[in-house]
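There are 2 protein chains.
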Amino acid sequence: MNKIHKIEIQSGAAFKLKKGDILKVIDPEGEQVSDMVLFNAKDLREKISSGKTLDFEENLLISKGNFLWSNRSQKMMKILEDTNGRNDFLLAPCSPETFQIMYDNQNYHPSCFENLIRNLSPFGIQPDDIPTAFNIFMNVQFFENGKLSVEAPTSKAGDYVSFQAQMDLVVGLTACSAEDSNNGSFKPIHYSISPSEK
Amino acid sequence: MNKIHKIEIQSGAAFKLKKGDILKVIDPEGEQVSDMVLFNAKDLREKISSGKTLDFEENLLISKGNFLWSNRSQKMMKILEDTNGRNDFLLAPCSPETFQIMYDNQNYHPSCFENLIRNLSPFGIQPDDIPTAFNIFMNVQFFENGKLSVEAPTSKAGDYVSFQAQMDLVVGLTACSAEDSNNGSFKPIHYSISPSEK
Numbered sequence: 001m002n003k004i005h006k007i008e009i010q011s012g013a014a015f016k017l018k019k020g021d022i023l024k025v026i027d028p029e030g031e032q033v034s035d036m037v038l039f040n041a042k043d044l045r046e047k048i049s050s051g052k053t054l055d056f057e058e059n060l061l062i063s064k065g066n067f068l069w070s071n072r073s074q075k076m077m078k079i080l081e082d083t084n085g086r087n088d089f090l091l092a093p094c095s096p097e098t099f100q101i102m103y104d105n106q107n108y109h110p111s112c113f114e115n116l117i118r119n120l121s122p123f124g125i126q127p128d129d130i131p132t133a134f135n136i137f138m139n140v141q142f143f144e145n146g147k148l149s150v151e152a153p154t155s156k157a158g159d160y161v162s163f164q165a166q167m168d169l170v171v172g173l174t175a176c177s178a179e180d181s182n183n184g185s186f187k188p189i190h191y192s193i194s195p196s197e198k
Numbered sequence: 001m002n003k004i005h006k007i008e009i010q011s012g013a014a015f016k017l018k019k020g021d022i023l024k025v026i027d028p029e030g031e032q033v034s035d036m037v038l039f040n041a042k043d044l045r046e047k048i049s050s051g052k053t054l055d056f057e058e059n060l061l062i063s064k065g066n067f068l069w070s071n072r073s074q075k076m077m078k079i080l081e082d083t084n085g086r087n088d089f090l091l092a093p094c095s096p097e098t099f100q101i102m103y104d105n106q107n108y109h110p111s112c113f114e115n116l117i118r119n120l121s122p123f124g125i126q127p128d129d130i131p132t133a134f135n136i137f138m139n140v141q142f143f144e145n146g147k148l149s150v151e152a153p154t155s156k157a158g159d160y161v162s163f164q165a166q167m168d169l170v171v172g173l174t175a176c177s178a179e180d181s182n183n184g185s186f187k188p189i190h191y192s193i194s195p196s197e198k
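Protein sequences appear in the order of chains G and B. Residues in the first sequence are numbered from 1 upward in steps of one, following the UniProt record's numbering. Residues in the second sequence are numbered from 1 upward in steps of one, following the UniProt record's numbering.
The following block holds chain G by itself, in its conformation from the complex:
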């Protein structure tokens, strides 16, 4: 049984994975988004790319069987399982400006961007290095006219997505801080790491 790591509400974590390791990201209570960013542990300038992933996978909806690709056109992770089946790879992590501009909230508000950089900065990652995240459990609906709508996640308590690292990685992971993305309440995110069997 692998240890369950807990990310508290509106916070984040960062850690390394070795090639072959399996990361399981769990929504323990349901309806909670987790933003994930990836960096090549051996060269942090290589990182997850939504544009490359949507291009190579030829799909907006990235789930079981798809790969997450880097800006250098390399496979970073393979999605092994996805018990929920709805994730987003369109929208940037919520940031302080998200709440100022979209929510008209001029006061301090926690954000995925802040939680990513707080946890990733010890690895040498700077704020401008944070790319568009793979937003696990995030339910962004799109319509023929292009309109986007952020809806409540369809994930139930215990749903999970598991990923296998295709290279040595630095991973940033959050329990998302945005009201609209999480049906109005904030819950934790759990994760576990299974070492590769060599």
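Don't read these hints as lab results, they were simulated from the structure. A portion of the hints provided could be inaccurate.
Derived lysine-lysine pairs resembling DSSO-like cross-links, with alpha carbons at most 27 Å apart [stated by the list, open to error]:
#, chain 1, residue 1, chain 2, residue 2
1, B, K18, G, K147
2, B, K3, G, K147
3, G, K3, G, K64
4, B, K147, G, K24
5, B, K156, G, K156
6, G, K78, B, K147
7, B, K147, G, K75
8, B, K75, G, K147
9, B, K147, G, K147
10, B, K24, G, K147
11, B, K147, G, K64
12, G, K147, B, K6
Listed below are several chain G residues computed to face chain B (Cβ distance under 8 Å; list not exhaustive) [stated by the list, open to error]:
#, residue
13, I4
14, S50
15, K52
16, F56
17, L60
18, L61
19, S73
20, I79
21, L91
22, E97
23, M102
24, D104
25, I125
26, D128
27, L148
28, E151
Yeah, the Cβ is synthetic: ideal placement off N, Cα and C, and Gly gets one too.
Let chain G serve as the given structure and place chain B on it in line with the hints.
Below, chain B alone, put in the same frame as chain G:
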């Protein structure tokens, strides 16, 4: 009458704009895509972000009236006119690997990525700095199941998109090199710059 600059087939250009300048990107023959990337001329670490733009504009289809946003949540350009009305902001610029992986072409092939970096490197921009481009005239259809399909551009000879710079910018622009994006043939791209009226 502003000077018309010509980007030859399967090539690119890079130039500076001052805040307020108007850039007009023209498809002179029709059915030709132009990839555009933007950097803050005063701090190149700030650059165009698909994730921030799709988030703030709440739409996959970015056209007249929309803004192009940076990774720092600042407005970089406003789209003033769009006579065609179909652009893409999902897919990364075609790169050498695009042709190896998606087209199974192991030989040399020109690419937008190469043409962007060749023209932007004199400004101090490195390969890993190239973000997902705003793909002018690119026609990527998306379906309810998420499937993406690159179709012939709907642009006719003389169609154009005009943009007003919201900050001082370094711009990279191409005449796209990918067969599928341009209905099988390669054409030039034209552009003009109107200085801001101060």
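- Task: Against the earlier hints, flag every one the structure doesn't satisfy and list their numbers going up.
- Result: 1, 2, 5, 12, 13, 20, 24, 25, 28
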